[in-house]
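Student: If you want the building blocks of each chain, they are given just below.
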Amino acid sequence: MELTSPTYFAKERVQTVQDYVLFCVQAVGNLFRKPFYFADMVRQADTIGVGSLPIVVLTGFFTGAVLALQASNTLERFGSITLVGQLVSTSMVRELGPVLTSLMVAGRNSSGMASELGSMIVTEQIDAMRALGTDPMKKLVTPRVASTVFMLFFLTIISDLVGLTGGLFIAKVLLRLDARQYWSNAWETLVFQDVFMGLMKPVLFGFVIATIGCFYGMNARGGTQGVGRATTQAVVAASVMILAFDLFLTRFLMAVLSFH
Amino acid sequence: MSAPTLPLDSAAVTTIEASTPTIVFEDVALSFDDNNVLRGVSFQLARGETKALFGVAGSGKSLILKLALGLLRPDSGRIIVLGEDVTKMREKDLFRLRGKIGMVFQESALFDSLTVQENVAYRLMEEHGIYDEDIDRRVREALRFVELEHTLDLNPAELSGGMRRRVAIARAVITQPELLLYDSPTGGLDPVTSNTIIELIMKQRDVYKTSALLVTHRLQDAFTMATHQFDPKTSRMVRLPPGQQCEVPMSFLILRDGKVIFDGDLRQLSHTEDEYIKEYIS
Chain A
1 MELTSPTYFA
11 KERVQTVQDY
21 VLFCVQAVGN
31 LFRKPFYFAD
41 MVRQADTIGV
51 GSLPIVVLTG
61 FFTGAVLALQ
71 ASNTLERFGS
81 ITLVGQLVST
91 SMVRELGPVL
101 TSLMVAGRNS
111 SGMASELGSM
121 IVTEQIDAMR
131 ALGTDPMKKL
141 VTPRVASTVF
151 MLFFLTIISD
161 LVGLTGGLFI
171 AKVLLRLDAR
181 QYWSNAWETL
191 VFQDVFMGLM
201 KPVLFGFVIA
211 TIGCFYGMNA
221 RGGTQGVGRA
231 TTQAVVAASV
241 MILAFDLFLT
251 RFLMAVLSFH
Chain B
1 MSAPTLPLDS
11 AAVTTIEAST
21 PTIVFEDVAL
31 SFDDNNVLRG
41 VSFQLARGET
51 KALFGVAGSG
61 KSLILKLALG
71 LLRPDSGRII
81 VLGEDVTKMR
91 EKDLFRLRGK
101 IGMVFQESAL
111 FDSLTVQENV
121 AYRLMEEHGI
131 YDEDIDRRVR
141 EALRFVELEH
151 TLDLNPAELS
161 GGMRRRVAIA
171 RAVITQPELL
181 LYDSPTGGLD
191 PVTSNTIIEL
201 IMKQRDVYKT
211 SALLVTHRLQ
221 DAFTMATHQF
231 DPKTSRMVRL
241 PPGQQCEVPM
251 SFLILRDGKV
261 IFDGDLRQLS
271 HTEDEYIKEY
281 IS
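In order, the protein sequence lines correspond to chains A and B.
For the first sequence, position 203 matches number 203 in the working numbering, and the numbering has no gaps at all.
For the second sequence, position 247 matches number 247 in the working numbering, and the numbering has no gaps at all.
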């Protein structure tokens, strides 16, 4: 492996961050500049949203179910097993629903975007697009960003609901709890702050997933090997950023929403 | 193989005066890290002229096309295309200028998620938004021009290399641009298919009088273009009598070590005293 000087390494990283920020600004700015590629947004929404639905449903269901199972063990010791619904509900809505859905969508779509755009770069299709008078940022990046943000919001809601259903399945079948009690506990424990926090996260995470995937794709270099590298880097970077942003966003929202 | 009947009968519409060169390169330099690919390249492409660019692999021929199109920015120097300085233009202004230029990429660069029809119609669709009868007619005309009307609904992956190049030509000429840039349009093709491509380029040159820069590795392609002319009556290219030059100016430009070492017509090229050029064209 070639050794690089720490200065060069640091400069390169700073340059990448700068390029990424400019990339994000351009992607968002294009939302307010003509032409608007509405048909591309709908197509991307279908690919990203509807296409991700099976994995999001499966992930949500099993997460909710295992959460109920794990919680029952602890709650039983305190004689509070009826609170399973409450625990599943707050955990899913506040944290696990948005984060796991985002990680699933990142794995599926960040890689897809990076490989698709990367292939277009190495086969000169992006240059051809520019040569034909189309701005690739407007045509390819902005629709993906808008669609991911929009669809991840709804995927998270579905994931939360399916997660609660997974918890209900365990509560009913294994823990022999009353279904109505479970739902009532799960519903009543939720407050505005929980829902707001749970629905703010997918907006930011969706933006991260799409911009990271597109950024790595649009900067892919070095043929098919470069496309493979960009794909891997996109998934890793998006996943890490989701988890890191989750911490900061949670802390920020807790402060803003006056959580106790 | 003979070229098909011409779909259109008018020359390309021009937005610049006849005396204004289509392309002007003034002392253009470009480097990547420590590699100085272009070191002060200067040349002009007159209106209606076709100029063939030669040079060994890595000499920067394709870069010249990308610079002319504004896809890359030079480190120094000036590039005037259709009367506008592309080195000073913003990307959004370049999109307007590129609307007057057609480019055929080295590996065709067709959009693999679109059909042949959608690829050829791409520029018109971007301008008009919907695929109407007029666009359909023009797409069919452009594909008829390259004899591929039957491939409308196919995907690029289903086409041979030669067919992809022809579709790329159809995509480039559909709007009858004022300038055409060909990046190795016959690279990697068999001689018969190469001749078909050259005949199409010649047809575009002689009938529509479109200015063109042609990057090629195949000397015989450029020589064929200099010694032949497209005959609209027979829809075939015909050899010119010895000593006679084609109506549309045809010139040659040779690059070496990032510099232009020859810029002239066929007669000047054949009488050159430069040992490198002699060896190159022998």
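Check the hints yourself; a few may be wrong.
Stated by the list, open to error - Derived lysine to aspartate or glutamate pairs resembling EDC-like cross-links, with alpha carbons at most 16 Å apart:
| # | chain 1 | residue 1 | chain 2 | residue 2 |
| --- | --- | --- | --- | --- |
| 1 | B | Lys209 | B | Asp231 |
| 2 | A | Lys139 | A | Asp40 |
| 3 | A | Lys34 | B | Asp263 |
| 4 | B | Lys259 | B | Asp75 |
| 5 | A | Lys139 | B | Glu127 |
| 6 | B | Lys92 | A | Asp135 |
| 7 | A | Lys34 | A | Asp127 |
| 8 | B | Lys278 | B | Asp265 |
| 9 | A | Lys139 | B | Asp263 |
| 10 | B | Lys233 | B | Asp206 |
| 11 | B | Lys209 | B | Asp263 |
| 12 | B | Lys92 | A | Asp40 |
| 13 | A | Lys34 | B | Glu126 |
| 14 | A | Lys139 | B | Asp231 |
| 15 | B | Lys278 | B | Asp263 |
| 16 | B | Lys92 | B | Glu149 |
| 17 | A | Lys34 | B | Glu127 |
| 18 | A | Lys34 | B | Asp93 |
Worth flagging that the hints you see were computed from the coordinates, not collected in a lab.
Student: Does lysine 34 of chain A pair with aspartate 93 of chain B here, judged by a C-alpha cut-off of 16 Å?
Tutor: holds, 14 Å
Student: Tell me if the straight-line CA distance from lysine 209 of chain B to aspartate 231 of chain B falls inside 16 Å.
Tutor: holds, 13 Å
Student: Straight-line Cα separation of lysine 139 of chain A and aspartate 40 of chain A no greater than 16 Å?
Tutor: Holds. Lysine 139 of chain A to aspartate 40 of chain A sits at ~8 Å (cutoff 16 Å).
Student: Taken at face value, is the distance from the CA of aspartate 265 of chain B to the CA of lysine 278 of chain B at most 16 Å?
Tutor: holds, 15 Å
Student: Hey, lysine 278 of chain B versus aspartate 263 of chain B, does the alpha-carbon distance stay inside 16 Å?
Tutor: holds, 14 Å
Student: Can the restraint linking lysine 139 of chain A and glutamate 127 of chain B be considered satisfied, given a maximum Cα separation of 16 Å?
Tutor: OK: lysine 139 of chain A and glutamate 127 of chain B at ~13 Å, within 16 Å.
Student: Going straight from one Cα to the other, do lysine 139 of chain A and aspartate 263 of chain B come out at no more than 16 Å?
Tutor: violated, 40 Å
Student: Does the alpha-carbon distance linking lysine 34 of chain A and glutamate 127 of chain B stay inside the 16 Å limit?
Tutor: holds, 12 Å
Student: Given the hint that lysine 92 of chain B pairs with aspartate 40 of chain A, test it: the Cα-Cα distance must not exceed 16 Å.
Tutor: violated, 20 Å
Student: Would the pair lysine 34 of chain A and glutamate 126 of chain B pass a check requiring their Cα atoms to be no farther apart than 16 Å?
Tutor: Holds. Lysine 34 of chain A to glutamate 126 of chain B sits at ~12 Å (cutoff 16 Å).
Student: Sort out whether aspartate 206 of chain B lies within 16 Å of lysine 233 of chain B, counting only the CA atoms.
Tutor: holds, 12 Å
Student: Given the hinted pair lysine 259 of chain B and aspartate 75 of chain B, is their Cα-Cα distance within 16 Å?
Tutor: holds, 15 Å
Going through the hint list in order, the structure does not satisfy hints 3, 7, 9, 11, 12, 14 and 16.
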